[in-house]
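Chains as they are written, first to last, in this note's numbering: chain A, 406 to 1035; chain B, 281 to 608.
No lab work stands behind these hints, which were simulated from the structure alone.
Each residue gets a CB set at the ideal place from its N, CA and C atoms; glycine is no exception.
Any given hint might turn out to be false.
Unchecked claim - Over the 12 Å line for every Cβ pair with chain A, so calculated as not near, a few chain B residues:
id, residue
1, Leu310
2, Pro356
3, Pro382
4, Ala384
5, Leu391
6, Glu396
7, Leu403
8, Ala407
9, Pro411
10, Val474
11, Asp503
12, Ser514
13, Val534
Said to hold, decoys possible - A short, non-exhaustive set of chain B residues, derived as facing chain A with CB atoms under 10 Å:
id, residue
14, Thr381
15, Arg419
16, Gly423
17, Asp444
18, Ala453
19, Leu505
20, Pro540
21, Val585
Spelled out, the chains give:
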Amino acid sequence: MSLPPGLRRTPMAWAAAVMLASLVVLALVGPLVWGASADRPDASAVLQGPSVGHPFGTDNLGRDVLARVLTATRPSLLLALAAVLLGAGAGILLGASTAVLGRRARRLTAGLINLLLAFPALLVAMFLAVVFGAGAAGAMLALAAAGVPGFARLTQTLAAGVAGTDHLAAARVLGLGRLRLLGRHVLPNIAEPLLLSTTTAAGTSLVALSGLSFLGLGVQPPGYDWGQLLNQGLDRVYAEPLPALAPGLAILYAALAFQLLGEVLAGNAARRGPAPRTPAPTPAPWGSPRPKAGGGPAEEGLVLQVEDLHVELPTPDGPIRPVHGVSLALRPGEIVGLVGESGSGKSLTALAIADLLPYGARVSRRTLRLLGADLAALAPKERDRHLATGLAMIFQNPASALNPALRVATQLTEAVRAHRGASRAQATAEAAEALRRVALPPAVLRSRPHQLSGGQRQRVMIASGLMVRPGLIIADEPTTALDVTVQREITRLLSEIRRDTSAAILFISHDVALVGEFCESILVMYAGTIVETLPADRLADGARHPYTRALVASVPDLTADRDRPLPTIDGAPPDPLTPAPGCPFEPRCPRRRGHCADHTPPLEDLAADHRVACWYPVPVAADPETVAAS
Amino acid sequence: MTRGPTVSVPRLPRHPWTVFLGRRILRLFLSLAVVLTASFAMIRLIPGDPVRAALGVDAAPDLVAARRHALGLDTPFLTQYRHYLGGLLHGDLGTSLTTGTPVAELVRTRLPATLEIAGLAFLVTLAVALPGGLLVAVRTRDGRRPRSELAFTVVTAGLAGVPDFVLAAGLTALLAVGLQLLPVAGAAGVESFVLPVLALSLAPAAVLLRIVRMEALRVLGEDYLRTARSKRLSPARRYLRHAAPNTATAALTVAGSLLPALVAGTVLVEKVFAWPGIGSAMAQSVVAQDYPVVQAMVLVLGTTVLLAGLLVDVLLAVLDPRSAIREM
Ligand code: SF4
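Could you put together the complete structure from these sequences and hints?
Structure, rendered in structure tokens:
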């Protein structure tokens, strides 16, 4: 037996194939080879234990148990297959025909099928086997009938998925008859999952048939199958365990063979769906090469000091470096905007600062100080406490960032209870106060997130951050998932918090207009590096990097001339898998020259608070300094 | 401080519960009607004469007639159905053809034993699969420990395929002779529960383990777990308080769907262990062709399954009102 094309030759697939092949061979040759000795009574060897001649002993007529088990492969398999094919055939026909029936008939049959499905198939099969009369045919029919509702429902569900597709609508428009529709368009589209279920059902059917025979409802003497042999073996299990063990092992072997086949087929079907998994890298959360503790010199009075931050992430195609060489610093009460396209590395920068990068990411940095403390120098426990109380993160989507199962009170109080040892009452009082700060009533404490609106949830997130009285708040696209009026409320709230608590805020956004309005200074990130830093008030007309210029030009509010069509930035950011030398913006840059492609421009001071990484910065007419320089 | 928009905290309106319970109970009654009718019809559908089959061909004709009369088989069909339902209302489940004792008596003495092993097996399934699945998910998340993951997949796939009665028979064969560690037949003492419960819960536990792991892996990738991480909560709190409750709905839904098969499995498993429950009574009466008993056992097992299903659904609705009620 060979594997169907497209099946992956995994060890599991091989095992399933070998087991099934051996069953098929046994079913074919078993009765020919062992049939005679299985049926030959031997009055001198009745009810014997294991011996050389009879490895699993003999039965009450002196027949060899092993030979009987091997011979019984054929009836056991055949009956099970017959039952599953009959049941699947009838069920699929029933389920598929409802797919092309009218609405009322469809609902009626669906309801009936659901009613029947409330009962376990084995119980239904037992019931029907009693009604049909004990015997191989009765048991087989009973089992087939018991399987019909399951297959009917599966077919209905699958067919409903196909029925909604354009493809079928088109066929219907062409005026194809219902039956043609069914045979040509519905069934072929759902054949694969149906085949998979039939395979799994074959195993279940074999076990159930053995169960019926075991009960005395299936194959009747003088015929025999595994279930009946098991029953006979169990009758004398206290004298001799092997005659019960042999048919049991046979059923188990067959059940596992089908189970394994189902597993392989299902895995194969799933594999064609999503992309392959990322291979697991070795974890090195705090970076390698690990810089010496202390890193760069500490600068007084900084909330956050990051120098030369690099992040490396594993991907299926090899490691990428989505952040390389980022440095930034925040003073108390300062709002700094970090702006860039998605994929520019801005969110990863934030996650690296907060030590929240995904598993497998590697970080290195010369300096990372939060509120004066070098994070690399702290013991893990202290570092956790320091990060938990010094830094608050506000994430993009408050709907998913809050735990749907926990009350707001729990989510607000848990950090201070864990890290400041606050009592429940004290923490709850603080939580009510934090909610008041974000203009929410204390009643919200008792709610769960799904009972709140999007804006309310983001306020809860902010309140949760405020609970620990952080020195730094990193807000990663906190308004992107919200509508425009709510966006304004949230940015206004953040400004107030900054004013009242003198916490510094690192505001990450792709929206250059929003950042320009709301922040004091701006960092522009492109392809993993910072390409320009400048005061917000110079953004509209003082930006010097061609990329910043292009970003600003793509926003109607920031350009003076509204009559011109909005320019968009042509091209795409560089592929992080194939880093090229030179300026990362070079392929898209209108000002590029030969030099740019080979030499990476460093981030250099233009003025006291304005730095740019470009060999040929855009001149600014109004700026006499620049005019003089060029 | 800004005055935000006035905040009202919406609650779920009251009527979804009424709708949910109403529909659910309607469905229960419809299913009960199916069971009742099926169990009633069974004895009438059997080819040949069930009374003669049970009493043997050489039974005295007047005894057969008396039994037929006692079963009401000599009256019109609808009258029989009315009598059957009326008898059920009064707790009359008929009389055994072989022993002559009331079936209700048999049910009363045997049902507790079945409910005990089925309930215990279900609890064991949950007790193994819920924490186990979460633990394996935590240890294999984001592609950690790929070997353990593979081993887990292969082993649970295998265990999920072990039929309960075959496992029961195997355990009996292994433990009956030689290793006399555990009682292999009858119900006497706590130890006698071990093997039946093990046989009934192994495969469901393996199935549920896989589901819980998949579900827990999904939850561990959710944003709110990153939030919990950003709060530097302890792993115990992150996994037990933040992840576990969010896996409960899916886990319980699947567990509930495993329950009917588990109850049906008691018939075969009880037969193997000679467990004094409904299942073994059914197995015996099937062989003895004692149809009134079979009929009653089908009724009792079917009803048990339906009530267990109702219990699980209501529990789900309490745990997660939104999803459970929306699905109705
Ligand atoms: S360095 Fe050259 S390519 Fe890069 S932005 Fe400046 S002008 Fe453009």
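Structure-based check of all given hints:
1. Leu310: Violated, because the least Cβ-Cβ distance between Leu310(B) and chain A comes to about 6 Å, which does not exceed 12 Å.
2. Pro356: holds (21 Å)
3. Pro382: At about 21 Å from chain A, Pro382(B) clears the 12 Å cut-off, so the statement holds.
4. Ala384: holds (20 Å)
5. Leu391: Per Cβ check, Leu391(B) is outside 12 Å of chain A; nearest 15 Å; holds.
6. Glu396: holds (19 Å)
7. Leu403: holds (19 Å)
8. Ala407: Check passes; 21 Å lies beyond 12 Å.
9. Pro411: holds (17 Å)
10. Val474: holds (17 Å)
11. Asp503: violated (4 Å)
12. Ser514: Non-interface label fails for Ser514(B): nearest chain A Cβ at 7 Å, not farther than 12 Å.
13. Val534: holds (15 Å)
14. Thr381: Constraint on Thr381(B) not satisfied, violated at 20 Å.
15. Arg419: violated (12 Å)
16. Gly423: Hint holds; Gly423(B) Cβ to chain A Cβ min 4 Å, cut 10 Å.
17. Asp444: holds (9 Å)
18. Ala453: It holds, given that the least Cβ distance between Ala453(B) and chain A is near 4 Å, below 10 Å.
19. Leu505: holds (8 Å)
20. Pro540: Holds - the Cβ of Pro540(B) comes within 10 Å of chain A, reaching about 4 Å at its closest.
21. Val585: holds (6 Å)
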